[in-house]
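Peer 1: Letter by letter, the chains look like this.
2 protein chains.
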Amino acid sequence: MSATKAYAAQSATTPLAPFDFSRREPGVHDVQIEILYCGVCHSDIHQVRNEWGGSTYPMVPGHEIVGRITKVGDHVKKFKVGDLAGVGCFVDSCRVCDNCKEGLEQYCETGMVGTYNSNEKDGTATQGGYSTLIVVDEQYTLKISDKLPLERVAPLLCAGITTYSPLKHVGVKKGDRVAVLGLGGLGHMAVKFAVSFGAEVTMLSSSPSKKADAEKLGAHHFALTSDKETMKGLQNHFDVILNTVSAQHDYSVYLDLLRTNGTMIVVGVPPSPSQVPAFSLIAKRRSIIGSLIGGIKETQEMLDYCAEYNISSEVEVIPIQQINEAYERMIKGDVRYRFVIDIASLKK
Amino acid sequence: MSATKAYAAQSATTPLAPFDFSRREPGVHDVQIEILYCGVCHSDIHQVRNEWGGSTYPMVPGHEIVGRITKVGDHVKKFKVGDLAGVGCFVDSCRVCDNCKEGLEQYCETGMVGTYNSNEKDGTATQGGYSTLIVVDEQYTLKISDKLPLERVAPLLCAGITTYSPLKHVGVKKGDRVAVLGLGGLGHMAVKFAVSFGAEVTMLSSSPSKKADAEKLGAHHFALTSDKETMKGLQNHFDVILNTVSAQHDYSVYLDLLRTNGTMIVVGVPPSPSQVPAFSLIAKRRSIIGSLIGGIKETQEMLDYCAEYNISSEVEVIPIQQINEAYERMIKGDVRYRFVIDIASLKK
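One line per chain: the protein sequences are A and B, in this order. At position 180 of the first sequence the residue is numbered 182 (my numbering), and the sequence of numbers has no breaks. At position 136 of the second sequence the residue is numbered 138 (my numbering), and the sequence of numbers has no breaks.
There's no promise every hint is true.
Which copy is meant is left open, because identical chains are indistinguishable; a pair holds if it fits in one copy or across any two.
Claimed, not checked - Listed below are the simulated DMTMM-like cross-link pairs for lysine to aspartate or glutamate, each with C-alpha atoms no more than 20 Å apart in a straight line: (1) 79 <-> 327; (2) 234 <-> 111; (3) 103 <-> 178; (4) 145 <-> 303; (5) 80 <-> 27; (6) 213 <-> 306; (7) 176 <-> 310; (8) 299 <-> 327; (9) 334 <-> 85; (10) 145 <-> 202; (11) 175 <-> 100.
Think of the hints as simulated: they come from the structure by calculation, not from any bench. These numbers were taken from a predicted model, which means no experiment stands behind them.
Same shape as in the complex, but just chain A (with noise of 0.2 Å):
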């Protein structure tokens, strides 16, 4: 066993605080990992508050993680102690059912095991990035080029991948006209992506404040959705929207702004459902699709494709004494884009 440096929630209303405990030597086919750097997700407050329900405690968040080797176990073969590595939103799923075996781990049919908040196949609860150390088996371990600032890939497990995935699977494309709905962690991915597809990307926001913002992030227009002359204009007008919005809305308003064969993809989760007029969708063959992050072998894509073309997260780096304000600040939205946790001030 490997004693292990966290920060860890106790209970849903406690503030993430230090916590000690230890890791799984690894077995014959882990690695384990030395975690430089663990992105800040969205998603990590509203398990640490218990806000989707079943939380269990204490619980270490973090899935966006990115280190570097420091064993292996006898039978492992792609990385060997040294190489970088990264570890996702899971590190294990059942291996055999269909989806498993299509690489789409993501959508496992009797439920990945989730990197922290869940429970590896004998019952151990697992703990994520917001951690000095972290065993996974290889299979689940992402190979990370040292072509990038590692704390500017560390958003690349999720934020990078939960957009990418979409993307290719609606099959984006040079000239396709994109919109990006929402400018947070994951909206600015969607931006950089899109763009380096070759598509033409349009930000849609509320806010007048992000239209420098897109820009520098390579989108081609802004929109700002208060203004209905603008959404007039605009109706009928896209292939793709990519909808990051997490704020409850009406999907309606957007429906209409896609063209024939539009297809809107959602990747927020809204706390109640939206509504959906059927004659939106009926009178120019439009489609809403949802999308959950992406499977091993997509997220080797992405992160090969990032590195071959330079692409990579905006960040906050923090140290992880910061991360209960950093919390309070992502939920006023004030983050240009990832927190990311520089996990050596967990060695301190």
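Here the structure of chain A is known, so what remains is to put chain B in place on it, guided by the hints.
Peer 2: What follows is chain B alone, placed relative to chain A:
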């Protein structure tokens, strides 16, 4: 001008009653069709009673038209006098937008010209198939085989293409698990098409009385939507659900029946928007897509397919004099599965 006998509504609140008017002489690209049968679509009732707004009167409804060519314009190439012919939901469109050029005239960017309750490009009100004659550009006229009983072919022009087109669009194939929600004019055609494409077809209905009929139509399974255990057993089960219901209902119950990458096709328009929980979509990369009838090319493909595979609608043939009673029975769901008017009754 050609004298035409018809049944028309004079207002949203008066019953349909005899109405005489004139059709134009065929232009160089037009055909004149002596109407033999016209199907009765639920949208006829919605428009007659102005339930969708914007109805104009007098209104001769009917867009499931089958008849015989009696005159052709000088430049007509596809038809000669004596040929069988069909007319569906539209009789013209802009012909120059991307959708029209791709054979998706139903999504014409400036709006298709409806077979009735619409206006020709010269402003003339269009009048539908509850009439003895119709004059239509040959490009918007379908060829009808003599292999099938004509009264059973008429409903293919709307109910048929409305279900054929999306099943083809989403790629239903041999072995796919397809559910049809709602067994009416649309649903009964959906079952027939899905079965003929080789799918394993389940009829989902709230009415146990539909079971025997569903089986007669070829459905392999029947599931009662009010039976909680049955519905639980069908979670993550279907590749495609074709939702034909236009009564108010909650999509989420049915979305959960879709397996990973499954699609719910929506062809019914409930009076108010339906609830869609994002998580249901995201958890399994499920999608919802709308679909509106079909273009001319695909409608012809469908008609040819039906002639080849002996597919036609289940109908109850009525004289036009019973149309108002038929509407009342349709509202109660008391028709198996399409009323078709024998237009000979108009000539008496």
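Peer 1: Under a CA distance limit of 20 Å, which applies to residue 145 and residue 303: within one copy, between copies, both, or neither?
Peer 2: within (10 Å within a copy, 50 Å between copies)
Peer 1: With identical chains treated as interchangeable, where does the CA-CA distance between residue 299 and residue 327 reach 20 Å or less: within a copy, between copies, both, or neither?
Peer 2: Intra 35 Å, inter 61 Å, cutoff 20 Å: neither.
Peer 1: From the Cα coordinates, with 20 Å as the cut-off, is the pair residue 234 and residue 111 best called within, between, both, or neither?
Peer 2: Between. Shortest inter-copy distance 15 Å satisfies the 20 Å Cα cut-off; intra-copy 42 Å does not.
Peer 1: With identical chains, the pair residue 213 and residue 306 could be close in the same copy or across copies; at 20 Å between alpha carbons, which is it: within, between, both, or neither?
Peer 2: neither (30 Å within a copy, 53 Å between copies)
Peer 1: Checking residue 176 and residue 310: alpha-carbon separation at most 20 Å within a copy, between copies, both or neither?
Peer 2: within (18 Å within a copy, 41 Å between copies)
Peer 1: What label fits residue 334 with residue 85 when the C-alpha limit is 20 Å: within, between, both, or neither?
Peer 2: Answer is neither; intra-copy 37 Å and inter-copy 70 Å both fail.
Peer 1: Within a copy, between copies, both or neither: where do residue 79 and residue 327 come within 20 Å Cα-Cα?
Peer 2: neither (41 Å within a copy, 76 Å between copies)
Peer 1: Checking residue 175 and residue 100: alpha-carbon separation at most 20 Å within a copy, between copies, both or neither?
Peer 2: between (28 Å within a copy, 18 Å between copies)
Peer 1: Using 20 Å as the alpha-carbon threshold, which applies to residue 145 and residue 202: within, between, both, or neither?
Peer 2: Answer is neither; intra-copy 31 Å and inter-copy 42 Å both fail.
Peer 1: When no copy is named, should residue 80 and residue 27 be tagged within, between, both, or neither for a Cα gap of at most 20 Å?
Peer 2: within (18 Å within a copy, 77 Å between copies)
Peer 1: Reference check for the pair residue 103 and residue 178, CA-CA at most 20 Å: within, between, both, or neither?
Peer 2: between (31 Å within a copy, 19 Å between copies)
The structure fails hints 1, 6, 8, 9 and 10 (numbered hints given earlier, in ascending order).
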